Amino acid sequence: MPVTRVLDRWLPAVTLLIWGGILLYFYQGNRLASLLHPNFWPGVLISGVLLLVLAAVMALRGGGEEEASDPDPCGHSMARSTGGKLTVSAILIVPLLVAFYSREDGFGLSTIQNRGVVLDAGAMNRAPDNFDLSGYNVEMEEGNIVLSVVDLLYAAQEPSLRGDFEGKPVQIIGQLMQETEANPRGNRMKVIRMFMACCAADARPIGALIELARKPEIPELSWVKVRGIARFPTEGGRMLSVLEVSTIEVTPPPDETMLY
Amino acid sequence: MDWFTFNLPDFSFSFLSILLEGVPFLLLGAVIAGLVDVFVPARWLTRLLPGNATSSVFLSGLLGLVFPICECGSVIVIRRFLAKGLPLSAATAYMLAAPIVSPVVALSTYAAFRGQNAGMMTSLRLIIGYLVAVGVALIVHRLRIGSVLTPEVISRLPGREQKAGRGRKRGLSIAAIPGEENPAEPSLGARWLRVARSATSDFLDVAFFFVIGSAVAALFNTAVDQSLILPLASNATLATFSMMGFASLLALCSSTDAFIAATFVAFPFTAKLAFLIFGPLVDVKLFFLYGLVFRRRFIFLLSGGLFLAIGLICLRMTFLDA
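Line by line, the protein sequences are chains D and H. For the first sequence, this note's numbering assigns the number 1 to the initial residue and increments by one for each residue that follows. For the second sequence, this note's numbering assigns the number 261 to the initial residue and increments by one for each residue that follows.
No lab work stands behind these hints, which were simulated from the structure alone. Here the structure is a predicted model, which is why all the values come from computation and not from measurement. From the three backbone atoms N, C-alpha and C, an ideal C-beta is built for every residue, glycine too. It is possible that part of the hints are untrue.
As the list claims (entries may be wrong) - Simulated restraints, written as ranges between beta carbons of each label pair:
| hint | chain 1 | residue 1 | chain 2 | residue 2 | range |
| --- | --- | --- | --- | --- | --- |
| 1 | D | 87 | H | 556 | 14 to 22 Å |
| 2 | H | 301 | D | 46 | 27 to 35 Å |
| 3 | H | 377 | D | 39 | 24 to 32 Å |
| 4 | H | 577 | D | 247 | 51 to 59 Å |
| 5 | H | 485 | D | 39 | 43 to 51 Å |
| 6 | D | 31 | H | 379 | 36 to 44 Å |
| 7 | D | 234 | H | 577 | 46 to 54 Å |
| 8 | D | 247 | H | 580 | 45 to 53 Å |
| 9 | H | 367 | D | 53 | 29 to 37 Å |
| 10 | H | 580 | D | 157 | 18 to 26 Å |
| 11 | D | 256 | H | 263 | 53 to 61 Å |
| 12 | D | 46 | H | 450 | 21 to 29 Å |
| 13 | D | 212 | H | 488 | 28 to 36 Å |
What the hints assert, rightly or not - Pulled from the structure, derived: some chain H residues nowhere near chain D, Cβ distances all over 12 Å:
| hint | residue |
| --- | --- |
| 14 | 366 |
| 15 | 460 |
| 16 | 488 |
| 17 | 560 |
Extracted from the complex, chain D is given alone in its bound form (with noise of 0.2 Å):
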């Protein structure tokens, strides 16, 4: 059997089956919930099947006797030859697997600061998913009322939450950040969740301000629980949303790290 032919078969076969295989791995386990808003998630599993069954024909049945034949096939000249059979082959499967090997579940602080954390809700647009004024139901834990970021950044915009939570004990689950802006007594950090619109690659940080007596022994982006008294200040035209820290301790990261 020519090398040729041996390709056309195999190639787009193992092509497919890598990337059907990684579309699958994702879809369980909840591993897509850091990548992908959920509307998107049973795109990706009717793919990843897709792309296997794709993957079974063109092993079975691929190459068909009448590709054999052809004495000249036109085209892309690279995909004429062995050589550049094999280039595009690794540009469709190398950095994929690259990518998969290499990724961690969460972006680092330099993507973060690249993408400018967001500390009013009047830049976010819209409200998460699961986010409702209305029927709001407060949860406590040891006294304290447990908000989310976005609860505290939509209530600085918002006079029924504000009254709902200001100076009251409030509790928060995010990742610790520095603050170097609105920091005018230097005793400032945040708190910071990512807010996904589609996908990772859109994923904008939103962050609350903490004001700590003195600051923590604790890395740049642990996960931390906060508590703490909220405040809204107006500052630089913004109203921000302020935690006065009575306690922060590192935490184990959420089922579900980005927010939708």
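Based on these hints, arrange chain H on the given structure of chain D.
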């Protein structure tokens, strides 16, 4: 802070998320293209459209309302449409309009711009997007086909196979494209096998460019300090053109890009409008994908022309920013 900071895990994370979001749409486009290839008789499409080229272009620009497809999938689909005899101008109108003139895009734009003149933004996006697509298609109608399409695509147009001397073309794909229809009516199983082979071939063709485009987009949205463009917001001209450039680099899907555009609160309304119209027509991944159908020179002219035209149209509407 440096303007460029590369971090492999972040790049990988972003790259994977773009791929995972886009692959279902690519595959959908490839499967539709495969079905068109096998089950839609040649020239059936042309009989659906009016005989007059101008009317045909105007109607094709609205097909996205009935057959909505994102910008990645539309490139694959029109390649098959062209091979089935759809006029180039009509195919161009569909390809450029479908990612914008669709119910999904209308709904997402309206939802994203709640509180920011959502009705106006949605209407203008669809109307200007449609008119721009139709305008480009009408220009394409006056061009020589050889100056627009690649030789590979031309050789697959109906009536060109014999002239080219061969009927089976391979594109970029590492997978063989199935041969032309067998004179003897093939069995249903054989036809589905052709759909699978055709979809595989198309998918791998487009995935090649999608990988490259996604890598460029992931590099930009993880490594580059995006606050650099904020100072541009105060000048209408700079804001409009920089937002279009930004849309190209981010390479977002047209069904969801409005959620990102809406977050640029510092930018004028018309700059965000330019972002929403230009992004689905020209971005880094599309720039590579268009290479499957169009000549490189045409792609450069199309990109530059759209950049200028959409920018100028939006700048003429700055009264909306008041």
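So, going through the hints one by one against the coordinates:
Here the CB-CB span from residue 87(D) to residue 556(H) is close to 19 Å, well matched to the stated 14 to 22 Å. Checked against the hint of 27 to 35 Å, the pair residue 301(H) and residue 46(D) passes, with Cβ atoms roughly 28 Å apart. For residue 377(H) paired with residue 39(D), a C-beta distance near 25 Å keeps the hint of 24 to 32 Å intact. Between residue 577(H) and residue 247(D) the beta carbon distance is about 53 Å. The supplied range of 51 to 59 Å therefore holds.
Separated by about 30 Å at the C-beta atoms, residue 485(H) and residue 39(D) break the suggested range of 43 to 51 Å. A hinted range of 36 to 44 Å holds for the C-beta pair residue 31(D) and residue 379(H), which are about 39 Å apart. For the hinted restraint 46 to 54 Å between residue 234(D) and residue 577(H), the CB-CB distance of approximately 34 Å leaves it violated. A hinted range of 45 to 53 Å holds for the C-beta pair residue 247(D) and residue 580(H), which are about 49 Å apart.
Roughly 31 Å separates the CB atoms of residue 367(H) and residue 53(D), a value that falls within the hinted 29 to 37 Å. Between residue 580(H) and residue 157(D) the Cβ separation comes to about 25 Å, which falls inside the hinted range of 18 to 26 Å. Distance hint for residue 256(D) and residue 263(H): a CB-CB separation of about 32 Å, inconsistent with the stated range 53 to 61 Å. For residue 46(D) paired with residue 450(H), a C-beta distance near 25 Å keeps the hint of 21 to 29 Å intact.
Residue 212(D) and residue 488(H) have their C-beta atoms about 31 Å apart, which keeps the hinted 28 to 36 Å range intact. Every Cβ of chain D is farther than 12 Å from the Cβ of residue 366(H); the closest lies at roughly 16 Å, confirming the non-interface assignment. The Cβ of residue 460(H) does not lie farther than 12 Å from every Cβ of chain D; its closest approach is about 5 Å, which violates its non-interface assignment. Not every Cβ of chain D is farther than 12 Å from the Cβ of residue 488(H); the closest lies at roughly 9 Å, contradicting the non-interface assignment.
Remark: the non-interface label on residue 560(H) is consistent with the geometry, its nearest Cβ contact in chain D lying 19 Å away (cut-off 12 Å).
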